[in-house]
Amino acid sequence: MKEIILAKYGEIILKGGNRPKFERMLIDNIKNALKNVADFKISIRQATVYVEEFDEDKTDIIVERMSKIFGLVSVTRAAVSEKTVEAIEETAFHYLGKDLEKPARFKVEAKRSDKTFPLNSLQLCIELGGWLDDKFPNIVCDVHNPEITVKVEVRDVAAYVYIDEKKVRGQGGMPIGSGSKATLLLSGGIDSPVAGHMISKRGVTVDAVNFFSFPYTSDRAKEKVISLAKILAQYTSKINLYIVPFTEIQLQIRDNCPEEHMTLIMRRFMMRITEKIARRNGSKALITGECVGQVASQTLSALDVTNAVIDMPVLQPLIGMDKIEVIRRAEEIGTYETSILPYEDCCTVFTPKHPTINPKRSSIERTESVLDIERLEEEALAGIEIIEVYPD
Amino acid sequence: MIYLDNAATTKPSQRAAEAMMMAVSNFGNPSSLHGLGLQTEKLINSARDNIANMLGVNSKNVYFTSGGTESNNLAIYGVANSLKRRGKRVITSTIEHPSVMESFKRLENDGYDVCYLGVDKDGIVNLDDLAGMLTEDTILVSIMHVNNETGVIQPIERISAMVREKSPYCIIHCDCVQSFGKIPVKPDKMGVDMVSISAHKIHGFKGTGALYTNYARITPLIRGGEQQNEIRPGTENVGGILAFSAAVSECEIDIEKMREKRNLMRDLLCEKLDNVKVNGSCEHNSGSVLNVSFIGIKAEILLHSLERHEIYVSTGSACSSHKPQPSHVLLAMGVEQKAVDGAIRISFSQNTTLDEIRTAAEIIAGEVSVIRRYM
Numbered sequence: 001m002k003e004i005i006l007a008k009y010g011e012i013i014l015k016g017g018n019r020p021k022f023e024r025m026l027i028d029n030i031k032n033a034l035k036n037v038a039d040f041k042i043s044i045r046q047a048t049v050y051v052e053e054f055d056e057d058k059t060d061i062i063v064e065r066m067s068k069i070f071g072l073v074s075v076t077r078a079a080v081s082e083k084t085v086e087a088i089e090e091t092a093f094h095y096l097g098k099d100l101e102k103p104a105r106f107k108v109e110a111k112r113s114d115k116t117f118p119l120n121s122l123q124l125c126i127e128l129g130g131w132l133d134d135k136f137p138n139i140v141c142d143v144h145n146p147e148i149t150v151k152v153e154v155r156d157v158a159a160y161v162y163i164d165e166k167k168v169r170g171q172g173g174m175p176i177g178s179g180s181k182a183t184l185l186l187s188g189g190i191d192s193p194v195a196g197h198m199i200s201k202r203g204v205t206v207d208a209v210n211f212f213s214f215p216y217t218s219d220r221a222k223e224k225v226i227s228l229a230k231i232l233a234q235y236t237s238k239i240n241l242y243i244v245p246f247t248e249i250q251l252q253i254r255d256n257c258p259e260e261h262m263t264l265i266m267r268r269f270m271m272r273i274t275e276k277i278a279r280r281n282g283s284k285a286l287i288t289g290e291c292v293g294q295v296a297s298q299t300l301s302a303l304d305v306t307n308a309v310i311d312m313p314v315l316q317p318l319i320g321m322d323k324i325e326v327i328r329r330a331e332e333i334g335t336y337e338t339s340i341l342p343y344e345d346c347c348t349v350f351t352p353k354h355p356t357i358n359p360k361r362s363s364i365e366r367t368e369s370v371l372d373i374e375r376l377e378e379e380a381l382a383g384i385e386i387i388e389v390y391p392d
Numbered sequence: 001m002i003y004l005d006n007a008a009t010t011k012p013s014q015r016a017a018e019a020m021m022m023a024v025s026n027f028g029n030p031s032s033l034h035g036l037g038l039q040t041e042k043l044i045n046s047a048r049d050n051i052a053n054m055l056g057v058n059s060k061n062v063y064f065t066s067g068g069t070e071s072n073n074l075a076i077y078g079v080a081n082s083l084k085r086r087g088k089r090v091i092t093s094t095i096e097h098p099s100v101m102e103s104f105k106r107l108e109n110d111g112y113d114v115c116y117l118g119v120d121k122d123g124i125v126n127l128d129d130l131a132g133m134l135t136e137d138t139i140l141v142s143i144m145h146v147n148n149e150t151g152v153i154q155p156i157e158r159i160s161a162m163v164r165e166k167s168p169y170c171i172i173h174c175d176c177v178q179s180f181g182k183i184p185v186k187p188d189k190m191g192v193d194m195v196s197i198s199a200h201k202i203h204g205f206k207g208t209g210a211l212y213t214n215y216a217r218i219t220p221l222i223r224g225g226e227q228q229n230e231i232r233p234g235t236e237n238v239g240g241i242l243a244f245s246a247a248v249s250e251c252e253i254d255i256e257k258m259r260e261k262r263n264l265m266r267d268l269l270c271e272k273l274d275n276v277k278v279n280g281s282c283e284h285n286s287g288s289v290l291n292v293s294f295i296g297i298k299a300e301i302l303l304h305s306l307e308r309h310e311i312y313v314s315t316g317s318a319c320s321s322h323k324p325q326p327s328h329v330l331l332a333m334g335v336e337q338k339a340v341d342g343a344i345r346i347s348f349s350q351n352t353t354l355d356e357i358r359t360a361a362e363i364i365a366g367e368v369s370v371i372r373r374y375m
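Chains as they are written, first to last, in the numbering used here: chain A, 1 to 392; chain B, 1 to 375.
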C-alpha cells in the first residue's frame, strides 16, 4: 500500500488567466520548503497538489512544512488504491484498520470525479460503508454526527482513501511571489511578526528591518529578532533581515529633543530609514504592527505624524485588532513564545514618562529640526548588517 | 580581552588541556579488567589523591561528579534521605547558590522542616539566629564557604562549632565551589563533613566536580554500576578528572594577593565615580569577587557597553542572568532596589594582572558616566 500527500488549494482556482502562473509559484514554494527534508515527486492535477515517492519516515514533517505554505487550504495523507470497488475496500481495510477497531461513529463520503467508475458517489458510500461495518464490529454508522469520516476520492489515475478528521488545515492565502515585495518593521514584540505573516499570506515577499541599540539592548535581543524572522521564514522561505544601528540616533534625540517627543521622533527616523531600505530592495510598501490606540505612539494623531515622513503605502494589518486577537494569531503562527522572551527591544529603553498622545506634525517637525537628520540617517544606513534568514 | 567573570567560569589552563588530552590515548574504561582499563584507573586514582591532598582528606572519601550543582544535590538529598528517621530539621542560608536553594525547596515539599538563615548587611550569616534554629534532631546544615556574588567568606568554623554542640547527629555540608583553589579549604579544620568543589572555576573544564564526604551512607542520586562505591555510579569523566587534577596542582592560594586585586579595583572605581556602593564585607572577603553598584544605571547596559571593549563582567550570578530577576543575595543583604539594579560582579582569577584591573577600571568609569547621562 502506498501513501501520498494530497493538498488542496483555494483562491488560486479563481484566478483566470494567471492560474497556471500561480500554480507554478505554489509548486516552486513547496519544492523549496521540502528540498532539505526529503526526495519526492510533485505534480498538480485537478486543482490538487500530489506529493509522492518520499521516504515514509518523512511524512509527518512533510505535512507539517506544507501546512505552512501560503496558497494551500488543506494537506492530507491518503492511501492510493486501484480504481475497483474491491481494491478500495482492501485499501481502506489495511490503511484505516487501526482507527476503526475502537468504538466510534463513522460515515463514508465518496467523490467520483472519474465518471467512468461504475458506481456513483452515493452507491460507493453505501457499498464501502456496509463493507466496513461488517469488517469492524465496534463502529456504528452515523451520517449526521460522525467521529470518523472515511473519505474516498475516485480521481483520474487512482482512488484515494483517508480520514477527513486527520486532514491538516492549510494557511490559505496566495503563494509567496504572487504579490511583489514589502518591508516589515520587525521589533522583538508580539505584533510585528503577526503583521508580517498577514501580509505575506497574501502572496507578498517580505524583508524585515530591525533597529538595534547596542549596548542598551543586548546581542540576545538581536538573536531574538533573528529567531522571530526564522519562524516567519517557515512561511515565506527566506527573509533578508536588515539590522540598523540605532543607538547614535537615540542618544542624539535624547540629548537635543523634548522628552515627550522622543518616541515619535524615533519612529519618524525608523520610517524614513526603512523607506530608503525598501526603495533599494524593490519593495512597494512598508508593513508595521501598529494598532489604533494600543500605545501613545499609535493614536491616530501619532500615526499621522509618523507616516507623514514617507511617500510609500504603509500596510498596518493589525490596525483594528485587539491585543487578545493578535496574541491568538501569534500563538497560531508560533511566534508568541519567542516574542515574550524578556530581552528589552530598542523601544523600551528610551521611553518618555509622559509621551505626547495628540502630537501635531508642525510641532514635531520643529523639535526634530535641530538634529542633523540626513547625516544620522546616512550613518545608520552605512552601518547596516544584512542577515539572510532561512527556516531551520 | 580582559576577562573579569571568573566566578562564572575560568579559562582552562594549558596544562589542564594537556591533561584532558591524556584521556585520548588512555581510553580504556577504568572498570575494565584488562591492563588498558587498569592504566586509566591508576590515572584517576592519582588525580583523586592529588585533589584529596589539597583538601587534606582521605582520597577514598572523594567522589567525582558532573560539577558543583550535582555535588550540592547529591550532598543535600543524600543526607536528608539517609537520616530522615533521625529528624526532619535541615538548615541552610538565604544566599546559597540555586543548586542548594532549590534542593532545600524540594526538601520543604517533601515534608522536611527547612530553616533559612538570614544574613546581615555585610552578607555574613547571622550566628545568633543559627543558635535558635539548631535542635537535637537537626540532621543537615548546609552553608556556603564563599558567596558567588559577593566573595564574602562565611564563618564556617564557628558555625560547625555551634552545630557540634547542639546537634549531635547533624551532618555539615559546605558549598566550596567559589573558595576551593582560592583560599584554604580544609574540611577537618573547618569542622565540616561534606564539601562540594568544581573544576571549571579553577581553570579546569566544565562538566567535572567532586564531593568530599566523610559520611559514607548517603543515598545516591543516580543508580548504575559499582563505580565510586555506588554513591556516584557511571563511567568516570576521565579527561575532565585528569584536567581537574592538573588545574588543582596549578592553584596558587594567596588570599592577600587576591585582595590586593579586589581592593585596587574598588579604590579606582570609588575614586573615579560618585555614588558607588560596594556590596558585601571587604574584611571577610576572598578577594576573588567585587560586587559593586553604580547607582542610577541598569547593570545590563553597562555589561554590554563593556563587552564592546572586550571586558567581560556579570550581573548577579550567571545562572540567573537568563531571566531578569534581581539578585536574591543582594536582596537578602537588604541592598536597596536601585543599588541592586546597578550592581555588577567583577571576579578575578589568579591570572588577572593589576594592569588589567587599571585598564578595566578606567573603561568602566567612562562607560558608567556615559550611561548615567542617558538613563
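One thing to keep in mind: the hints can contain errors.
Chain A side only, calculated, beta carbon under 7 Å to chain B, not exhaustive [claimed, not checked]:
hint, residue
1, Pro215
2, Tyr216
3, Lys222
4, Asn256
Calculated from the structure, these hints are not laboratory results. Glycine included, every Cβ here is placed at the ideal spot set by N, Cα and C.
Here is what the structure says about each hint:
no., hint, verdict
1, Pro215, "3 Å, holds"
2, Tyr216, "6 Å, holds"
3, Lys222, "11 Å, violated"
4, Asn256, "12 Å, violated"
The structure does not agree with the numbered hints 3 and 4 stated previously, though it agrees with the rest.
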